[in-house]
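K.L.:
One-letter residues, chain by chain:
Number of protein chains: 2
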Amino acid sequence: MSKLNIGIAGLGNVGSALVQTIEENKNYFLDKKDVELNIVGISAKTKNKKRNFNISNYLWYDDPREMSKDDNCNVIVELIGEEKGISYEIIETALKNKKHVVTGNKALIANHGKELFELANINSLALSYEAAVAGGIPVIKTIKNSISLDRINKISGILNGTTNYILTKMQQDNLSFDAVLKIAKDKGFTSDQESKLDIGGYDAAHKLTILSTLCFKSNLNFNNNYIEGISNIKIEDINFAEKLGYKIKLISEACIIEEKISNFTSPKLVSMDNPLASVDNALNAINIETIHLENLFLEGEGAGGKPTASSVLSDLYDISQNEKFDNLGFKIDKLQSFEKYSAKNVINSYYLRIMTEDKPGVLSSITNYFSDFDISVKKILQLPESSEVDKPIPIIITTHNIQKEKLSNVINKIEGLEFVKEKITVLAIHDN
Amino acid sequence: MSKLNIGIAGLGNVGSALVQTIEENKNYFLDKKDVELNIVGISAKTKNKKRNFNISNYLWYDDPREMSKDDNCNVIVELIGEEKGISYEIIETALKNKKHVVTGNKALIANHGKELFELANINSLALSYEAAVAGGIPVIKTIKNSISLDRINKISGILNGTTNYILTKMQQDNLSFDAVLKIAKDKGFTSDQESKLDIGGYDAAHKLTILSTLCFKSNLNFNNNYIEGISNIKIEDINFAEKLGYKIKLISEACIIEEKISNFTSPKLVSMDNPLASVDNALNAINIETIHLENLFLEGEGAGGKPTASSVLSDLYDISQNEKFDNLGFKIDKLQSFEKYSAKNVINSYYLRIMTEDKPGVLSSITNYFSDFDISVKKILQLPESSEVDKPIPIIITTHNIQKEKLSNVINKIEGLEFVKEKITVLAIHDN
Chain A
2 MSKLNIGIAG
12 LGNVGSALVQ
22 TIEENKNYFL
32 DKKDVELNIV
42 GISAKTKNKK
52 RNFNISNYLW
62 YDDPREMSKD
72 DNCNVIVELI
82 GEEKGISYEI
92 IETALKNKKH
102 VVTGNKALIA
112 NHGKELFELA
122 NINSLALSYE
132 AAVAGGIPVI
142 KTIKNSISLD
152 RINKISGILN
162 GTTNYILTKM
172 QQDNLSFDAV
182 LKIAKDKGFT
192 SDQESKLDIG
202 GYDAAHKLTI
212 LSTLCFKSNL
222 NFNNNYIEGI
232 SNIKIEDINF
242 AEKLGYKIKL
252 ISEACIIEEK
262 ISNFTSPKLV
272 SMDNPLASVD
282 NALNAINIET
292 IHLENLFLEG
302 EGAGGKPTAS
312 SVLSDLYDIS
322 QNEKFDNLGF
332 KIDKLQSFEK
342 YSAKNVINSY
352 YLRIMTEDKP
362 GVLSSITNYF
372 SDFDISVKKI
382 LQLPESSEVD
392 KPIPIIITTH
402 NIQKEKLSNV
412 INKIEGLEFV
422 KEKITVLAIH
432 DN
Chain B
2 MSKLNIGIAG
12 LGNVGSALVQ
22 TIEENKNYFL
32 DKKDVELNIV
42 GISAKTKNKK
52 RNFNISNYLW
62 YDDPREMSKD
72 DNCNVIVELI
82 GEEKGISYEI
92 IETALKNKKH
102 VVTGNKALIA
112 NHGKELFELA
122 NINSLALSYE
132 AAVAGGIPVI
142 KTIKNSISLD
152 RINKISGILN
162 GTTNYILTKM
172 QQDNLSFDAV
182 LKIAKDKGFT
192 SDQESKLDIG
202 GYDAAHKLTI
212 LSTLCFKSNL
222 NFNNNYIEGI
232 SNIKIEDINF
242 AEKLGYKIKL
252 ISEACIIEEK
262 ISNFTSPKLV
272 SMDNPLASVD
282 NALNAINIET
292 IHLENLFLEG
302 EGAGGKPTAS
312 SVLSDLYDIS
322 QNEKFDNLGF
332 KIDKLQSFEK
342 YSAKNVINSY
352 YLRIMTEDKP
362 GVLSSITNYF
372 SDFDISVKKI
382 LQLPESSEVD
392 KPIPIIITTH
402 NIQKEKLSNV
412 INKIEGLEFV
422 KEKITVLAIH
432 DN
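Protein chains in written order, with our numbering: chain A, 2 to 433; chain B, 2 to 433.
Honestly, the hints are just simulated from the structure, not real lab data.
It is possible that part of the hints are untrue.
Pairs count within a copy or across copies, as identical chains cannot be separated in the list.
[To be verified] Mimicking EDC-like on lysine to aspartate or glutamate, the simulated pairs with C-alpha atoms at most 20 Å apart in a straight line are:
hint, residue 1, residue 2
1, K244, D274
2, K405, D375
3, K145, D327
4, K332, D32
5, K407, D373
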């Protein structure tokens, strides 16, 4: 099938960029690839709205589910992005009506993907989702096709553009989290509703769920994630981290440990010589560690109309070229339920900020606790005394690898000391 | 065809890693992908040699051309790497005998690829070469498949591991080129013969020829390259560059300017905040600039047995899955001959090191020449006076964008000045 008749549901940034790209490049696709992309139907919440193309060129559907049934379409592109609801119905209806589906909907795939992939599989249809993870970076195809016969040990990366923008801006302009969030909202980078998913780490965890499934054949199960967002990140920790040679980034990582699945999204200190540390602003990046490749690192635009539309296009191209559709990169009956690896058992190195009274003996009694609990300290940064009397001063400690539970024990003890004035800030260090 | 019967010609690092990987993962491939990879024949220069597998498990061919004719094989993997000669004959014979071919041979594809692609095309066969460019980085598949409907403006990268190792080691350990080359040879990273291709920039230019063809449909024509190697790079220039915020890297880049092809491989100064600057040691990286993606950046192992074998595997997987083979990512009759863009017209910013007598008035007479020739200076670094009397001192100048020819004119003038003691060192700055 090298001619596709396409229905597009959702005409936001990505949907509009897709329509415009197809309009502008129709002949280029035909000439270069013998691929004919025809948009036949479109649908969005609001019909009358200023758009960068003429909607009257296409059949308009008030109800996108009707488009999913229309025999004139053979591919439905879902770009509405609801976690279930109308997005799910559009896709389910399309698959039941023997139409291929392309979607950019990470929340839906992460939560309800399994039953939809089963439906696609029974009907020998494509359910493609390159646009759902890391915008314009072709990470899904890389895993499914390019390194398909390799074995992946670990996948990690920066999967959310908004939080990466916020952390970058905090660091570069020495601003607080709240101040930068306001800028991001004022600039329209994120809405109130989106920002909850972004800042809370949920959007990144949706994407990690999908990557984790592709890498380890784990059942799509959003509950397998440990998620910590960035709203508690303080500018002072960003600055101390920088002094120690790190940047703070929201890192998502998945691997199998002792036959259990470990999916973590949390802010971590990343060493400046790790390529992830240079991924700034709204960029995304993914590092894939395999038995053959050590590290394969991909970096690019993580969101935005044009990059994400490019991923939709690449899925459309795939559909035009193939007759069999390997939506997961392995047979769906290979999906397996893993037990969740316990967060208590995680072994990592850590950064701690301990706010104490500024008086003699404090540092040695803290370090004594560490040696009593057999925790190996890597570095201590004791900062110049405060000019204000009675103001607590920070002691920064980085540890060598230690089990989380063991670290929590010593932290509880230290927080109970009279001269420790605040809850201790604990951030993991991304060592690989 | 999901069962491949494979003949492997060449059992060096890559060939041996390939045999071993297939032996170890046969069941994994079958189980995950329903792909059966059978090695049926092998061939190498020397039969009796210690290897990491038992050669008696396979049919041995003294003459690999016989293997290319054997009806028991349906895929031939060529890993000998001669620019023409036996490598060409193996591939040609295989294609004429209706066998798919996988090769890692960049020199051969860059110089003689066109006629072989034509032969593959007539016979509807695969001629796959992921392993020919950047070892384990799946850049060929990314361009051919993932971003196939996009339009590429420019491709640039670090395509040779040996030179990148040498430049990194020079910088990190403050060593001369010759000293590091000796280490690289002693460690077996490069042989006398290979090192000529590596250091001269030819190996990188072979790879750039292939990438340039995929990106711009330019005829495979090695003569389109401008090539400058790294043997003239001095440790002092690496150190001065570092002071200015740059690293020196061997950069290959291709684009179309005024409908002419521009393929350059040369040592350039790369700003520390460009991701290419962090690509150290034997790593490779490629940046692809498209109309949709701005920059897509891929980094990984550029050579070595396992990573390169992984690329061969990915080609074998592709062959097992497809019936049509789009070897170039576009129809072969779309290949076009571009005129070569003139090096004189290249516009770039530059780094210059001018060794002069240490006496008053020198700097101002040099800068006067620059303003007379209307060349805009960005930065001047005048270094502390030498402690040795009569020893020339360096003046480092970086320019804004300037046409190469114009710069050459002023350089000729300045080199003629009495107080200028050496040929001026000129290196381009990689601005994008």
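K.L.:
For each hint, tell me whether it holds in the structure or not.
P.N.:
Hints, one by one, checked against the model:
1. K244 / D274: Both ways: K244 and D274 sit 14 Å apart in one copy and 18 Å across, limit 20 Å.
2. K405 / D375: within (13 Å within a copy, 63 Å between copies)
3. K145 / D327: both (8 Å within a copy, 19 Å between copies)
4. K332 / D32: For K332 and D32, only the inter-copy Cα distance (9 Å) is at most 20 Å; the intra-copy one is 34 Å.
5. K407 / D373: Only inside one copy: K407 and D373 sit 12 Å apart there, 70 Å across copies, limit 20 Å.
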